[in-house]
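Enquirer: Going down the list, the sequences are from chains A and B. Just so you know, we're using my numbering here: the first sequence kicks off at 31 and counts up by one. Just so you know, we're using my numbering here: the second sequence kicks off at 29 and counts up by one.
Among the clues, some could well be false.
[Said to hold, decoys possible] Chain B stretches covered by chain A per the calculated footprint, using a threshold of three residues with CB under 8 Å from any CB of chain A:
#1 114-124
#2 129-143
#3 183-192
#4 234-240
#5 251-265
#6 290-299
#7 326-333
[What the hints assert, rightly or not] Computed list of chain A residues with no C-beta within reach of chain B, every gap over 12 Å:
#8 37
#9 72
#10 98
#11 212
#12 286
These are calculated hints, taken from the structure and not from any lab test. The model shown is predicted, which means the values in this text are computed figures rather than measured ones. Every residue gets a Cβ at the ideal spot worked out from N, C-alpha and C, and that includes glycine.
The residues making up each chain are set out below.
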Amino acid sequence: MAREKYIKMLLMACASLSFLAILLIFLFIFQESLPAITRIGIPNLFSAAWNPDKGQYGMLAFLIGTLLSTLGGLLIGAPLGIGTAVFLDQVAPSRMANVIRRGVELLAGIPSVVIGWFGLIILVPFIARITGSAGYGIAAASVVLAVMVLPTITALGAETLRSLPPELKEASVAMGATRWQTIRKVLLPAGKEGILVAVVLGMGRAIGETMAVQMVVGNSSQLTLNPFQPTGTLTSNLVTNMGEAVGNFRAALFAQALVLLILSMILIVSIRFITRKKEA
Amino acid sequence: MSTDLKTGVEIARPSVEVVGDLCEFKDSRIEGIIQQSIARNEKRAHFYDRVATVTVWTLSIIGLGILAFIIFVILYRGIATALTPGFIFGKPQALKEGGGIWPMIVSSFYLALLTIAIVLPLGVGAAVYLTEFSREGRITRLVRFGADSLSTVPSVVFGIFGMVLFVIYFGLGYSLLAGAFTLALLNMPTVMRTTEEAIKAVPHSYREACLSLGASRWETAKKIVLPSAMPGITTGVVLTVGRIVGESAAVLYTVGLFVRKVPVSPLQPAAPMAANIWHMYTEGALVSDWMRVANGEAAFLLLVVLVLNLGARLIARIYQKRLGMVS
Chain A
31 MAREKYIKML
41 LMACASLSFL
51 AILLIFLFIF
61 QESLPAITRI
71 GIPNLFSAAW
81 NPDKGQYGML
91 AFLIGTLLST
101 LGGLLIGAPL
111 GIGTAVFLDQ
121 VAPSRMANVI
131 RRGVELLAGI
141 PSVVIGWFGL
151 IILVPFIARI
161 TGSAGYGIAA
171 ASVVLAVMVL
181 PTITALGAET
191 LRSLPPELKE
201 ASVAMGATRW
211 QTIRKVLLPA
221 GKEGILVAVV
231 LGMGRAIGET
241 MAVQMVVGNS
251 SQLTLNPFQP
261 TGTLTSNLVT
271 NMGEAVGNFR
281 AALFAQALVL
291 LILSMILIVS
301 IRFITRKKEA
Chain B
29 MSTDLKTGVE
39 IARPSVEVVG
49 DLCEFKDSRI
59 EGIIQQSIAR
69 NEKRAHFYDR
79 VATVTVWTLS
89 IIGLGILAFI
99 IFVILYRGIA
109 TALTPGFIFG
119 KPQALKEGGG
129 IWPMIVSSFY
139 LALLTIAIVL
149 PLGVGAAVYL
159 TEFSREGRIT
169 RLVRFGADSL
179 STVPSVVFGI
189 FGMVLFVIYF
199 GLGYSLLAGA
209 FTLALLNMPT
219 VMRTTEEAIK
229 AVPHSYREAC
239 LSLGASRWET
249 AKKIVLPSAM
259 PGITTGVVLT
269 VGRIVGESAA
279 VLYTVGLFVR
289 KVPVSPLQPA
299 APMAANIWHM
309 YTEGALVSDW
319 MRVANGEAAF
329 LLLVVLVLNL
339 GARLIARIYQ
349 KRLGMVS
């Protein structure tokens, strides 16, 4: 069956495309950022000074912006998501669970520009009014990111809880434990790895989220720890400046993209690590 | 008193009577204390249980509330300020007020169509390979690792990768086709996964029956497995269309931000709604009613995505019903 053999090879080519694509992405982004590493130099690239007109290409402010907004997003989004997952799997009456599940799916489907637009017209003015600042900054970005990581964490968390063997719960309840004791002492510890993976994937989404963050973070290059001061993130800086950047400036932006890629790779590898530990 | 056998030293050992006394003592007082503390613990446990129940109810309702609030605000603003037939079917304006968004709507769907045309064969092919033509091994692990990695790559990175590879290197320029290739890679993992799940749900007996009649693997996959997996694949495609229409970061620097006319050829630049909303916000100060345009566009985009999501669910349910009647 020669034909069968060709088809198998064709299908294998389709499948290997996923691996090929990630290699290509790495290769091209690395190649484009190479001038930044050789001509601008690593110390300049990771310094705190960002002023492309003067040849300063430090991404520290953006790196910190990315980390802080991700952390903020998870701080709000993870408890909400895990709580909702517990609710879905253990507490909710089935009709209510259906409503929540559909709501979460819908929330996951809302385009990030639309959430960004919502942040811009509602959230930023609201923060501006209660704090007296301009409203843009890490705080606004964190809230927007919380909304975006919520569906990821909820869906994966609920799936983890659902896949636990029912004997665990039955044994705990038979011993006279209350529902909360069962959840806290039996189910959550048993599903620890899965929930951790859910949070890490949420983190990946938060680090990579671009448009929604760009619209509310303020897009300045100042390094600040004040959540109500405008600042920037790696993604927001990329998307704001990519249009007109040339030469070293462009290479520096690609270097930031490379950092983003490496961050997301670290997350993927750590997920592998978490799940492998569980299997062993 | 008794004597230690090794040292001969007399040591005190409680007699049986003393132990009995202790038991008596425990019965009367400690038992009471223990009972009380058990009751208190139980009460506390029930209190915490109540608190936890209220908390998770509240958290879930907050989540649902956020969703409802976002949808309400976006739709309300859009409908109140912009969404009229004249706006939806109107021509965009770059310098004066009163622009519409028809070319953007067409761009979004055109891009989605092209992307699906590219990603569907690739994703389905990959899924068929993984489920029907291979055993778990080094290759499948590599493929899965690739797909997992692809799905965590930030979309803005896909965007600039697409810009370098398709727009510049392959010389496609800012065009629907360059964007479609980029988005095909971006959506490949999702299409692969949903197809794989749909294929895995097909009962093994179907395949066995077909193979036992002398059909080859590919014939079995083509004539039996894929048709049976169609409902799942269709649902996945509709959801992917929703994702493509909503995608902006990967589209900005591959397809374009603003056009005046409806794009005709896939080699022309276009301006999908999601990208254009962002354009309105960043450079929109060129037209004084940029806020109105963005409001209307956001509302329309949200409506499209909601309809696609509900549509995907409807398709799944219709298929389920039909399958239920057959079996």
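Enquirer: Does each hint fit the structure? Answer for all of them.
Expert: Verification of the hints:
1. Counting residues of the stretch 114-124 of chain B whose CB lies closer than 8 Å to any CB of chain A gives 0, which falls below the minimum of 3, so the coverage claim is violated.
2. With a threshold of 8 Å between beta carbons, the proposed coverage of the stretch 129-143 of chain B by chain A is violated, since 0 of its residues qualify and at least three are required.
3. Judged by the Cβ-Cβ criterion of 8 Å, the stretch 183-192 of chain B is covered by chain A as claimed, because 9 of its residues qualify and three suffice.
4. Proximity of the stretch 234-240 of chain B to chain A, defined as three or more residues with a beta carbon under 8 Å from a beta carbon of that chain, is not established by the 0 residues found.
5. Interface restraint, the stretch 251-265 of chain B with chain A: violated (0 residues with C-beta to C-beta distance below 8 Å; minimum three).
6. With a cut-off of 8 Å between beta carbons, the stretch 290-299 of chain B has 0 residues touching chain A; three or more are needed, and the interface restraint is violated.
7. Coverage of the stretch 326-333 of chain B by chain A holds. Counting CB-CB distances below 8 Å, 4 residues qualify, and the rule asks for three or more.
8. At the 12 Å boundary, the C-beta of residue 37 of chain A falls inside the reach of chain B, the nearest C-beta of that chain being 5 Å off.
9. Listed as outside the interface, residue 72 of chain A is consistent with that label: its C-beta sits roughly 20 Å from the nearest C-beta of chain B, beyond the 12 Å cut-off.
10. Non-interface status of residue 98 of chain A relative to chain B is upheld: no Cβ of that chain comes within 12 Å, the nearest being about 17 Å off.
11. Under the 12 Å C-beta cut-off, the non-interface status given to residue 212 of chain A relative to chain B is violated; the minimum distance is some 9 Å.
12. At roughly 10 Å from the closest C-beta of chain B, the C-beta of residue 286 of chain A falls inside 12 Å, breaking its exclusion from the interface.
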